[in-house]
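Engineer: Sequence:
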Amino acid sequence: AYGWNDGSSHVLDAFRLILQDLDALVRRGVNIGLICQEQSVSISNPEGQDYLQACPRLHHDRQYSSMLETCEWADHVFRISYLNSAIVAEGERIAGKVASHDTTRAIYIGGAMDHRAKSRTLNRFVGEEGELIDCVSFENPADSTLWDFLFPKE
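In the numbering used here, the protein residues as written are 1134 to 1287.
Keep in mind the hints are simulated off the structure, nothing from the lab. Fair warning: there could be bad hints in the mix.
Below, computed lysine to aspartate or glutamate pairings styled on DMTMM-like, alpha-carbon distance capped at 20 Å [to be verified]:
# : residue 1 : residue 2
1 : 1251      : 1202
2 : 1286      : 1247
3 : 1251      : 1267
4 : 1251      : 1281
5 : 1251      : 1205
6 : 1251      : 1156
7 : 1251      : 1171
8 : 1286      : 1276
Quick list of simulated restraints, FRET-style, between CB atoms [what the hints assert, rightly or not]:
#  : residue 1 : residue 2 : range
9  : 1206      : 1277      : 38 to 44 Å
10 : 1271      : 1163      : 34 to 40 Å
11 : 1271      : 1140      : 35 to 41 Å
12 : 1262      : 1206      : 32 to 38 Å
13 : 1275      : 1209      : 31 to 37 Å
14 : 1253      : 1180      : 33 to 39 Å
Glycine is no exception: its CB is placed at the ideal position from the N, C-alpha and C atoms.
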């Protein structure tokens, strides 16, 4: 119905209507939380080789990207993963080998080349040694550390 390769434009236009409705809720003081699966997206690098980045699983191509528009719209984009993941082989870091990690979960609140995350307000928090906090670990489902950062008690 949309012709060859016109579907991506339609998907983006339809998704903008959803963001518009969410904006109306935000203006009324409602907190919005969107949960997405994760996908690997090829990111163009003008200074070198393109690379893969873990991003929210929303439509993305070079011309039309609901994923990029949603990440720009949102105040916070978090990535939930393991705290210390590394590529290891026989105990050493070697690219392209088996992934190994501990079992501590973390919520990444700052972005990096390998994943997309951001926070418009949490980037002001620093650790005990003055470093910016880019992830918040949690040990059990009842851990409310992230919510305490997001919604401080006055």
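Engineer: Hints first: check each against the structure and report whether it holds.
Structural biologist: Structure-based check of all given hints:
1. 1251 - 1202: Given pair residue 1251, residue 1202 holds - Cα atoms ~13 Å apart, limit 20 Å.
2. 1286 - 1247: Violated, at about 33 Å.
3. 1251 - 1267: holds (9 Å)
4. 1251 - 1281: Cα-Cα ~17 Å, so holds.
5. 1251 - 1205: Judged against 20 Å, a Cα distance of about 9 Å means the pair holds.
6. 1251 - 1156: holds (19 Å)
7. 1251 - 1171: holds (15 Å)
8. 1286 - 1276: Status holds; Cα separation ~16 Å.
9. 1206 - 1277: 38 to 44 Å: violated (26 Å)
10. 1271 - 1163: 34 to 40 Å: violated (25 Å)
11. 1271 - 1140: 35 to 41 Å: holds (39 Å)
12. 1262 - 1206: 32 to 38 Å: holds (33 Å)
13. 1275 - 1209: 31 to 37 Å: Once the Cβ atoms are compared, 21 Å apart, the range 31 to 37 Å for residue 1209 and residue 1275 is violated.
14. 1253 - 1180: 33 to 39 Å: Hint violated: Cβ distance 26 Å, outside 33 to 39 Å.
Comparing the model with each earlier hint shows violations of hints 2, 9, 10, 13 and 14; every other hint is respected.
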